[in-house]
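Engineer: Read off the chains here:
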Amino acid sequence: MIGNDIVDLEIALKESNWRRPRFLQKVFTIEEQQYISAASDKDKAVWLLWSKKEAAYKVIIRHFGSRFFRPKDLVTLTNISDYKDSSSLLDGQVSFRKQIIHTTSRVTDTFIHTVAQAHDKVTPLLVNFFYVEKNTYAIQHRVTRQHLFENYSAVTGTSVKNLSIRKNAQRVPYLYNKDQRQILELSISHHGHYAGYVIQSTCDR
Amino acid sequence: MDKTMDKNTIIEGLKEIAKPYIQDQEAFDNLTEDTNFVDDLKINSANLVDIILDVEDKFDIVIEDKEMEDMMTVRSTIAIINKKLDNK
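If you're matching them up, the sequences are chains A and B in order.
Residue -12 is where the first sequence starts when you use this note's numbering, and the numbers rise one by one after that.
Residue 5 is where the second sequence starts when you use this note's numbering, and the numbers rise one by one after that.
Wrong hints could be hidden among the right ones.
Below, computed lysine to any residue pairings styled on SDA-like, alpha-carbon distance capped at 25 angstroms [what the hints assert, rightly or not]:
hint: 1; chain 1: A; residue 1: K13; chain 2: B; residue 2: E30
hint: 2; chain 1: B; residue 1: K70; chain 2: A; residue 2: V114
hint: 3; chain 1: A; residue 1: K121; chain 2: B; residue 2: V42
hint: 4; chain 1: A; residue 1: K13; chain 2: B; residue 2: M76
hint: 5; chain 1: A; residue 1: K59; chain 2: B; residue 2: D74
hint: 6; chain 1: A; residue 1: K154; chain 2: A; residue 2: V114
hint: 7; chain 1: A; residue 1: K154; chain 2: B; residue 2: E30
hint: 8; chain 1: B; residue 1: K46; chain 2: A; residue 2: Q12
hint: 9; chain 1: A; residue 1: K1; chain 2: B; residue 2: K23
hint: 10; chain 1: B; residue 1: K88; chain 2: A; residue 2: D60
Simulated DEER-style distance windows between Cβ atoms [to be verified]:
hint: 11; chain 1: A; residue 1: N149; chain 2: B; residue 2: D64; range: 50 to 56 angstroms
hint: 12; chain 1: A; residue 1: E(-3); chain 2: B; residue 2: D74; range: 48 to 54 angstroms
hint: 13; chain 1: A; residue 1: V147; chain 2: B; residue 2: D74; range: 22 to 28 angstroms
hint: 14; chain 1: B; residue 1: D64; chain 2: A; residue 2: Q157; range: 30 to 36 angstroms
hint: 15; chain 1: A; residue 1: H50; chain 2: B; residue 2: D64; range: 33 to 39 angstroms
hint: 16; chain 1: B; residue 1: P24; chain 2: A; residue 2: Q167; range: 40 to 46 angstroms
hint: 17; chain 1: A; residue 1: R6; chain 2: B; residue 2: D6; range: 35 to 41 angstroms
hint: 18; chain 1: A; residue 1: K85; chain 2: B; residue 2: N12; range: 40 to 46 angstroms
hint: 19; chain 1: A; residue 1: E(-3); chain 2: B; residue 2: D90; range: 41 to 47 angstroms
hint: 20; chain 1: A; residue 1: E2; chain 2: B; residue 2: E68; range: 22 to 28 angstroms
Read the hints as simulated data drawn from the structure, not as lab findings.
All of these numbers come straight from a predicted model, not from anything done at the bench.
Backbone N, C-alpha and C define an ideal beta-carbon position, used for all residues, glycine too.
Excised from the complex, chain A in its bound form (with noise of 0.2 angstroms):
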């Protein structure tokens, strides 16, 4: 099972003031609070902890089949990566009642990208971020899976034409082919200027 999410720092810098009364509170546990303040960059602290948990909330939620809004019910393990080099890929863990998913997150200067799976080492069919020029939610969500569509198209071969997304009751999406639903997962997440997606053939269960 997979999800991502993608933060857009600068977005995220203007639209989302972490730092008023309470925020924190309600969405970090007592040792991802400390974590954050002892980073010493702690907007990028924010940013990464908080896409670990929504991306480990997608996975969660193909589990659950049912959507909650808890983020302190998902606990960042925080103790086992830090962002000191920036250029490279940090892996991480969410637990979630006694259930423990993997994140593989990039942290850049400009955006957050992570990557959650249930199972460890497990190599998605696709995964991919990019930039895109308008930062408006219509054109993010045309753009996002226009290109999701082009990049798998050009992995399997099917006509992009054929493509389309639709949602599950839970909002999980999924993959169709003319209207045929693809027996793969997929997750695609978009912020600001920055989107995101990933896409797994489901024999990880």
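For this one, chain A is given, so just place chain B on it according to the hints.
Structural biologist: Structure of chain B alone, referenced to chain A:
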């Protein structure tokens, strides 16, 4: 004494709170009790936290963690606000 608030007054208050965060103007213009903050108004989840904090400030209530997840639609948010006001 009944401390709950009129539904329409709360909706007006919620519209004022949500306005800076919405990414779908049409859904906002047509907002009803069934409107979902994420699915319809396309509010991102970080801003959902802002909305919860704004609701706490505006109505002078404290939303518990386990109540946060019920604040996905206008209808359920009205119910939480009135429950909190009633228990004040």
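Engineer: Any hints from earlier that this structure breaks? Give me their numbers in increasing order, please.
Structural biologist: Violated: hints 1, 2, 12, 13.
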